[in-house]
Structure formats: structure tokens, C-alpha cells
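Chemist: These are the residues of each chain, in order.
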Amino acid sequence: MPDNSAIAHGSPENSGDAHDEHPSYLRHHFNSVEQQADAAGFAMWLFLVTEVMFFGGLFTAYLIYRNWYYAAFVAGSHQLNVKWGTLNTLVLIVSSFTMAMGVWCSQTRRRSGLVLCLTLTFLLGLGFLGIKTIEYREKIEKHHVPGFHYSLQSFMDPQSEPEVYSEYHDKPLPLDMAVHTELYFSLYFLMTGMHALHMIIGLGILAFMILRARTGAYTSGHTTFVLNFGLYWHFIDIVWIYLFALLYLISRHA
Amino acid sequence: MSEHNELAHHIVGPGVYVVILFALLVGTGLTVWASFVDLGLWNPVIALAIATTKAMLVVLYFMHVRYSSKLTMLTIGAGIFMFLVLISLTLADYISRAWGNW
Numbered sequence: 001m002p003d004n005s006a007i008a009h010g011s012p013e014n015s016g017d018a019h020d021e022h023p024s025y026l027r028h029h030f031n032s033v034e035q036q037a038d039a040a041g042f043a044m045w046l047f048l049v050t051e052v053m054f055f056g057g058l059f060t061a062y063l064i065y066r067n068w069y070y071a072a073f074v075a076g077s078h079q080l081n082v083k084w085g086t087l088n089t090l091v092l093i094v095s096s097f098t099m100a101m102g103v104w105c106s107q108t109r110r111r112s113g114l115v116l117c118l119t120l121t122f123l124l125g126l127g128f129l130g131i132k133t134i135e136y137r138e139k140i141e142k143h144h145v146p147g148f149h150y151s152l153q154s155f156m157d158p159q160s161e162p163e164v165y166s167e168y169h170d171k172p173l174p175l176d177m178a179v180h181t182e183l184y185f186s187l188y189f190l191m192t193g194m195h196a197l198h199m200i201i202g203l204g205i206l207a208f209m210i211l212r213a214r215t216g217a218y219t220s221g222h223t224t225f226v227l228n229f230g231l232y233w234h235f236i237d238i239v240w241i242y243l244f245a246l247l248y249l250i251s252r253h254a
Numbered sequence: 001m002s003e004h005n006e007l008a009h010h011i012v013g014p015g016v017y018v019v020i021l022f023a024l025l026v027g028t029g030l031t032v033w034a035s036f037v038d039l040g041l042w043n044p045v046i047a048l049a050i051a052t053t054k055a056m057l058v059v060l061y062f063m064h065v066r067y068s069s070k071l072t073m074l075t076i077g078a079g080i081f082m083f084l085v086l087i088s089l090t091l092a093d094y095i096s097r098a099w100g101n102w
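Chains W and Z, in that order, give the protein sequences. For the first sequence, the working numbering assigns the number 1 to the initial residue and increments by one for each residue that follows. For the second sequence, the working numbering assigns the number 1 to the initial residue and increments by one for each residue that follows.
It is worth saying that the hints were derived from the structure and are not from the lab. Predicted model only: the values in this text are computed from it and were never measured. Just to be clear, a hint being listed does not mean it is correct.
Covered by chain Z, according to a simulated footprint, are these stretches of chain W (three or more residues, beta-carbon under 8 Å) [claimed, not checked]:
#1 77–91
#2 184–193
Computed footprint of chain Z on chain W, listed as stretches where at least three residues anywhere in the stretch have a Cβ under 8 Å from a Cβ of chain Z [what the hints assert, rightly or not]:
#3 34–43
#4 60–68
#5 116–125
Think of the CB as a built atom: it goes at the ideal place given N, C-alpha and C, for glycine as much as any other residue.
Next up, chain Z with everything else stripped away, as it sits in the complex:
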């Protein structure tokens, strides 16, 4: 567990936080700008892709997950995977419910 203890002591400094803050502000500007351009079907795709990128920056750096233990990473990964399973099954149900009846 010595590797573990070393990780627990990792302190993320202001430099990293400033860079991430800047990236998040740019991401926000980008997603608002993209919403003013008519990209048809791609508008929601791009908005969600930028949102997911921003969320990942927050999770990895502001929430220190990049520097945290494998247990923490596994917990988050399992949580997100479970959420994706639930949303996929729900959507599969709603998409297939009226199959052939339209």
C-alpha cells in the first residue's frame, strides 16, 4: 500500500487549477458560440461532447481523480458504467415499444 499512501499525499497546485479554469472558460465560450451556428443534428452532439470534456476536466483535476487511488477510479467508473447501462436499457425500451406500429 506504499504507492497508495504516496498518492494520498499528492497536492494539486494553483498552476494546474488556473490552467483548468482557463480551459473550462474557453469550453464554455466555445459551446455557446457553437449553439449560435446552425449545425443541424450536430448541435446537440457538439454541445454534449463539450459538456463531457468539461466534466472530465473537473473530475480529473478539480476532483483530483487523476491522482487518486485505483479504488476511487473504479468506484467512479462503475458508477458511470451503471448509469450508462440504465439509460441504454430505458432508451431501448422506449425506442422498441412501438416497433412496427408506425
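The shape of chain W in the complex, shown without the other chains:
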């Protein structure tokens, strides 16, 4: 049916078998591979803008409550371990680098390089979650999880924790301020938890991509999936860069 296919493809030159004339990954509603890639990239950025709004809401809540219950947020922040936070920041930055290298491998058609980069990114992401687990476990042991036998001891009697006290010399908080440390940890778990959820989703997609990359799926010209996943992964990195500064760093001398 040459006439029908000509109408379907909207282009008189393609009146033969159109599949001989364009790459198999070019969808028929696009004019060119470039247009298809641009459309996918644009859509990915629109999605990331919605993510900016989502995390931005959490950041705004943190900013306002930190101003209201300043002493409680400072004392809560002093419970976080800057060493773990720094290590996790480094892990995530290196994973962003390996992801960027993966995009380059995909664009320059290096199959084994791409598999290596994606695998390294996966392992570094897993490492990040492992370190986060160590931190979460410490919060659970100290009863700093909001709503689950939450304990005010660290804040009303700071000297009961010598390792934290020796670093910050916090004064005991009065009860009406100490209760608001629970709000700090609510936001801490909400923000790092949503970040970790994004990481877990990313790891799932990475595993899928590694399997497909081994068969050469992304190294034969069609790089869109790797490219757009890279954008997602780098976005998670940026969210963590801000989380690290806001949760771990800015209250150390307050």
C-alpha cells in the first residue's frame, strides 16, 4: 500500500518502504532523529522542573521552620555526622562523573566502556545508600526517629553524649524548644528519604540499562535514554549538594 504509507509519513519522497530510509529508533511522528532527541530532552527538563518545585517546597519548609525554632534545628543538626555526610557527597559526585562518562561512551559508541561506567555508577549509588543506612541506624538507636519513641535526652541533657558534646558544647534546651527537634528530624527524614527514594528508582533504571547496554542497545546511535537518565541522576546529585549544605553544614557554629 504505497499510497497509505506516503500519507502516514507525511512526505511524498518516502512513498516506498519508509523503514529503509530512517533508523529503526526514529518514531514516525518525528521528522528527524534530532527533532526526536530535542523533544525527549525538552520533556525531561520539564519533568526536572516539577522536581525542582517538589524539593523546593521541602527546602522552603526547612528554611521557615529553621528560623522559627532556630535553637532546636541547630541542636538537631549537631546530631548529624559531618564525616559521613562528606563521604556521601564525594561518592555521589564521583557517581555523577561516571554517569557523564557513560553518556560520552554512549555517544561515541563504546559498548564495554558504557557498561563499565553504568556499573560503576550503580555501585557508587549503592554505596551512597549503604552510608545513608549507617546514618539512619544511628538515628534509630538514639531514638531520633519522629513518632517512634522519640527521645529528647540528647537535647535536654547534651552532656549525656560525650562524643557530640565535646565537639559542640551545646547548652541544654528548655523543654518547649527541645520538642521542636522532632520537627528537625521529620524534615531530615522527609528530605533525605525522598532523595534516597529517587536514588532507589535511579538504581532500578540503571540495572535495566546495564542489561540493555550489554547487548549494544545504546551504542548504535540511539543515545536518548542514557542522556535523559543522566539528567535525572545529575539532578539527584544537585539535590544532595543542597541537602548536605543545609542539613549538615550551616548550623555547625550557630
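With chain W's structure known, arrange chain Z on it following the hints.
Modeler: What follows is chain Z alone, placed relative to chain W:
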């Protein structure tokens, strides 16, 4: 749209990525070091300034925005602008809510 197609083909190489990785690692070291120095009110300002610089490096180079189309740049710019509008209006509300009552 020929300029556009040329941009779409731009491939960022390992050299750029290594330089940016190095800059991000230095930035992380710098922000952690600065947090150990008592700078009073400037501690959060410096931490957020370094975080924003790092974020911009990631967006411009790892995410290729420096080499991407004007549509992409406009999308991101509009998104960030909208976020700043929302956060400014929210903060203006909370700052002015108890105006004169303290």
C-alpha cells in the same frame, strides 16, 4: 534550525568531565573546611554560595546545558525563576505576618 541541529550533536568529552569532577571535589573540600571556621552569619551564606556554584557546574557541563538549545535554557531559567517567585512570596508572608506585634 541548522544552528540547533549543530548544537544537538555537540559531544562533551572526558577532558571537560574530569576538570568539572576536580572542581566539584575541591568545592566539597572547601565547603566542609569553611563549616569548621566560625564566620558567624557568613557560614550559611558561604555554604549556599559554594553549593550553588557546584550545582551550576553540574547543570552547565554534566547536564550539557551550556551546549544545549535556547529552548532548554529558557525552560530551566523559567523553572528557577518560578521557584524563586514562590519562595520569595512565601517568605514575605511569613516575615510580615506578625509585623509590629513583637
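Chemist: Each of the hints needs a verdict: does it hold here or not?
Modeler: So, going through the hints one by one against the coordinates:
1. With 4 residues having a Cβ less than 8 Å from any Cβ of chain Z, the segment 77–91 of chain W passes the three-residue criterion, so the hint holds.
2. Note: the segment 184–193 of chain W has 0 residues with beta-carbon separation from chain Z under 8 Å; the three-residue rule is not met and the coverage is violated.
3. With a cut-off of 8 Å between beta carbons, the segment 34–43 of chain W has 5 residues touching chain Z; three or more are needed, and the interface restraint holds.
4. Against chain Z, the segment 60–68 of chain W contributes 4 residues with a C-beta closer than 8 Å to a partner C-beta. That satisfies the three-residue criterion, and the hint holds.
5. With a threshold of 8 Å between beta carbons, the proposed coverage of the segment 116–125 of chain W by chain Z is violated, since 0 of its residues qualify and at least three are required.
Hint violations for this structure: numbers 2, 5, all remaining hints satisfied.
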